[in-house]
Amino acid sequence: MKLKRYAAPAVIAITAALALSACASNEGGAPAAGGSSDAATTSALSGTLTGIGASSQGSAQEAWIAAFQTANPDVTVNYDPQGSGAGRESFISGAAAFAGSDSALSDDELAGEFASCAPDTKAIDIPVYISPIAVVFNVEGVTDLNLDAATIANIFSGKITTWNDPAIAALNADATLPSAPITAVHRSDDSGTTKNFTDYLGKVAPEAWAEKAADTFPFQSGEGAQGTSGVIQAVTNGVNTIGYADASKAGDLGVAKLKVGDEFVEYTAEGAAAVVEGSPIVEGREANDIAIALDRSTTDPTHYPLVLVSYAIACQEYADAAQGELVKAYIGYLASEDGQSVAAESAGAAPLSADLSSKVAAAIETIK
Amino acid sequence: MTTAPVKPAAPPRLKAKQRPGDRIFSTATVVAGSLILVTLAAVTIFLIAQSIPAFTAQPDDLKGGAENFWAYVGPLVFGTIWAAFLALLIAVPLAIGIALFISHYAPRRLAQGLGYVIDLLAAVPSVVFGLWGITVLAPFVQPFWSTLVDLFGWFPLFAGPVSGTGRTILTVAIVLAVMILPIITALSREIFLQTPKLHEEAALALGATRWEMIRTAVLPFGRPGIVSASMLGLGRALGETMAVAMVLSPQVLISFALLQSTNPTTIAANIALNFPEAHGVGVNVLIATGLILFVITFAVNFIARAIVNRRKAFSGAN
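Keeping their order, the protein sequence lines are chains F and Y.
My numbering runs 234 ahead of the 1-based position in the first sequence.
My numbering runs 435 ahead of the 1-based position in the second sequence.
Everything labelled a hint here was simulated from the structure, so no lab data went into it.
Each residue gets a CB set at the ideal place from its N, CA and C atoms; glycine is no exception.
Please note that a few of the clues may not be correct.
[What the hints assert, rightly or not] Pairs of lysine-lysine, PhoX-like flavour, derived with a Cα cap of 25 Å:
(1) K437/F <-> K356/F
(2) K446/F <-> K498/Y
(3) K393/F <-> K498/Y
[Claimed, not checked] These stretches of chain Y come out as covered by chain F in the derived footprint (C-beta under 8 Å, 3 or more residues):
(4) 572 to 584
(5) 598 to 604
(6) 636 to 646
Generate coordinates for the entire structure from the input sequences, incorporating the hints supplied.
Okay, structure coming up:
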């Protein structure tokens, strides 16, 4: 009787074990199988792909990996979110097949060698992840807030200290602003979000924000909180607070409208995608290198310029052709319509616009 | 007992019989004993070896524009000790009170139950205390801190502007105090219970009230014990990471203000926050700050041990 009760699970377990071990033996077997792949038969791919890089892509990468491995059961993809800098270093040294990075390769890095690329070939940057950043606030009695870059810069650098400061009041004629002190919350850990936020302030309001864009918040003022969730938590639980965070995490908090040109623009995924599409591609790099010089100071009110663009960095040509096939298939998936909608669902990313997406697809097609 | 034993005629040397169990057991204990030394040595060697590049780090590799490693680590050392000191200031009087209540005031059955509850507090993971700190404690104390700044803002410790979220070093000190309360309480209670009954009864017989008995007999007897218990608590407070990283609004600076948004951060929390994105020499710098923390906690434990040993020699128990 007892035996019978355990029989069914045991059979399932044995079947599963057999099935899994069958997988494993395939995996070791034939990297050559990847050679004949085109878009229709990607499931013929096999092997292991390692990526290291930006933590901003972390949750999107998890979803991408899950979906990609379901479609290609013989492929194992690992993504280690150690940070952009660590990702680029590992990629250059050959420890990772591709890197995720919140900034494109620098000229210095491009001048050097790339260990996993074929000799005399360079690496290319491919934008795969656009994440809008929202300026969130929690002020009693205020539901709508209009801000321009100079005012935000002055708030976060500690020059504007109360909510009813004339500079804020001038932008918000209809709002009743309290005389309470402002608590400006920034990231206490290093973050690409901080880098893009400070880059935006520096580009649009250089006279108010002289600091260079950096992962670390540059001032010894204001309040620090750990991670995106920490910032959201601090802004939500505090009084008269303001902070910046991935737009997808803003929840019920008030989100400030940014001044673009003469209008105040609310964050939308379309606006974020539009500013990336409207921005020029950095000149003087490889033909397939799509490093975007974000046009933060755009005056087009359909654009939302406070965005983070994260790249996948890959070789133009891999020394190991099988690895090249894998990277091409994987990054091709990230940039595809499917991949972008997965990222939008799992991480609140803004999908690539149609125009940029075709440019990206063309660049990925050239990876060997 | 006091008479010298009569020396027996030298017996033939008997070799103790060695059973396999003896041999296995003694080997196992020796291995276990040396393993702890090997582990300590391995950690020390790792810390020192990995720290060396940090001592010559250039300003570019250091955050906050510090000129060299020592200028960078200075505020962190200050923050570590300052936060732990504040926690101790809150926890020690409270712990002594609880311990005395359990050992001398409470009815026996209640005392036992209370002892268990205190020990249970030690089992709560620090990350849970961190979550409690940011979601419950910080919003709860913020209005109090606000009032404190309004009324006593002239006093440097309570200087404004007050933090709007309550995530200040004083809040962190409260969280830390709750975390170190169990160890200090448990040890103090043990010490108080060891007070010789004769001393206590003598004090009472001479007409002392219960409070006077505690003051004249229990506390002097327990003082070294309280000190070493506090030191052990201090050791835990110095190394506490998650709760501080989650609750504190950190900056690398030296400031005595308790209620502002800019607070000196601790070494452990700083490592936890910055390690995920650190690379190159940045990693070495963080490990080197870990070495400094290691030295500080080692010194604290060393002092605690010294005091405990002294107590053994001069305790009133003999």
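Hints and how they fare:
1. K437/F <-> K356/F: 29 Å, violated
2. K446/F <-> K498/Y: 14 Å, holds
3. K393/F <-> K498/Y: This hinted pair holds, its Cα atoms lying about 22 Å apart.
4. 572 to 584: Answer holds; 3 residues pass the 8 Å Cβ test.
5. 598 to 604: Held - the stretch 598 to 604 of chain Y has 5 residues with a Cβ nearer than 8 Å to chain F, which meets the minimum of three.
6. 636 to 646: This one is violated; 0 residues, fewer than the three required, reach chain F with a Cβ under 8 Å.
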